[in-house]
Amino acid sequence: MAVSLPGAAPAPPAARGGVDGLLIVALVACAGVIVRALAFTPVDAMQGPAQKILYLHAPAAIVGLYFASGLVAISSLMYLWLKDPRLDRIAESSAEIAVVFLSIVLATGPLWGKTAWGTWWVWDARLTSTLFFWFLFVAYLVLRGAIEEPQARARLSAVMGGLATLLVPFIHLTVYLFRTMHPTPVVLKPSAPSMSGQMLSTFGMSTMAFILLFAALLRLRVRWATLRDANLERQSV
Amino acid sequence: MTIASRPAVRVPGFLADSWRIARKDLLIEFRTRSAFLAAAVFAVLSVAIFRFTWDATAVPAIDLAPPVLWVIFTFSGLLGLNRSFGVELADRAMDAMLASPMSREAVFAGKALANLVFVALVQALTIPAIALFFDLPAGAWWWSVVGVAVLAMIGLTAVGTLFAAVASNTRLAEMLLPMLALPFFVPVVIPAAQATALLLAGRPVSDVASWIKMLVAFDLVFVAACTVAFPYTLDE
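Residue numbers (the numbering used here), protein chains in the order written: chain A, 1 to 237; chain B, 1 to 236.
In isolation and in its complexed conformation, chain A is listed as follows (with noise of 0.2 Å):
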């Protein structure tokens, strides 16, 4: 279903206090892969049940990275072109929704590191990438709480946006030039183990489910804030 845009369209399920279709599905999905992850795929014989993780941790990644994150920049980028409040809405929802499977990724990173690097943490440039991508996401979200006119929010968010999206390349070469230039006898990122049919599906599975999520939470999300603009114009006028 499309994204709910402000005008014609009837009041929205969430607004009439009803239940939302898409989250019900999108979680249900979710729960399914959970319990096929755990229950019906097999061990991986190298690392354990710690391996299990790859199944929440890869997907959340893949979401939080480039589904979230692009469509914060691409929404960003458009918006200063634009200037159509429903592309800062979707900025702004897809940015929250970014920081929750980012962190999602750096909790779920480090479980799994101890277990097979032997240590929480390592400043790999993966993990140094994330990490900083994170608190970019976070300064957003302060940037966009710390202005009260939503105009003036709308551009200087965009404006940051903007030159993330930029920063992104160079935050992930300097990263990877500062690791390459520093080799440590730990092997940072184990070569991907060759994947049975059956996890390579559950993981296949688990990204779809992610995805989902993203998109009924963003749908969700963005309906929210678009009544509260609304309620928000009618109380000005």
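It is worth saying that the hints were derived from the structure and are not from the lab.
What you are looking at is a predicted structure, and each value in this text was computed from that prediction instead of being measured.
Positions of the beta carbon are idealized from the N, C-alpha and C atoms, including for glycine.
Hints may be right or wrong, so weigh each one.
As the list claims (entries may be wrong) - Not the full set, but computed from the structure, chain A residues with beta-carbon under 7 Å of chain B:
hint	residue
1	A139
2	L141
3	A146
4	I171
Mind docking chain B on chain A? Use the hints.
Okay, now just chain B, sitting in the frame of chain A:
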């Protein structure tokens, strides 16, 4: 006036306008010396504090000096940047500046130039202070480290000036600036610190070429991007 209807940017006029803004800011700073004194004292005090938290038997001075230099550089830079748009809030001076026929890009370039001079002066005190207190060996590293510092300063002041403008429009003002700007300083501070460490260790400039390229690329991209983005940070 909307962004689209502003007069086209003329190069000689642009440079003259930027210089006018930079001169104004530096003149205010020279007459009050408040921010410069604060930043300079902060920088030298930090060097002294680092000296007392450091176990000379565990970490050699030559290994500790680069991180100390770049930590101080980052934070003393932030001290100066906060003031950049703070001075324009009094008596709504910013409105007067925007009503003038200067292009907004020239205002940004002027502000950034003044900040660059400010940061350079603080750095001109910090590098000798570190060399003195950490008893660094005299050598050819001196000029190459200054070169790295200049490259880092350009990127840092461009991004810092833009976020100072953003932060001055918010409720939190100076509290927000470090949070916004520090993630953007990462691709400046890591290459600068790495290059400084290698140069201090007596390695030739060719060994730090990849870090220097990174700094140059950051400067080019972010000076251009921040100049373009600056008009969007102002109230229409």
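These are the hints, each one checked on the structure:
1. For A139 of chain A, the suggested interface contact is upheld, since its CB lies about 5 Å from the closest CB of chain B, less than 7 Å.
2. Hint status for L141 of chain A relative to chain B: violated, with the closest Cβ pair at about 10 Å, above 7 Å.
3. Here the hint on A146 of chain A is kept, as its CB sits about 4 Å from the closest CB of chain B, short of 7 Å.
4. With a least beta-carbon distance of about 6 Å to chain B, the hint placing I171 of chain A at the interface is held under the 7 Å criterion.
Hint 2 from the earlier list is the only one contradicted by this structure; the remaining hints agree with it.
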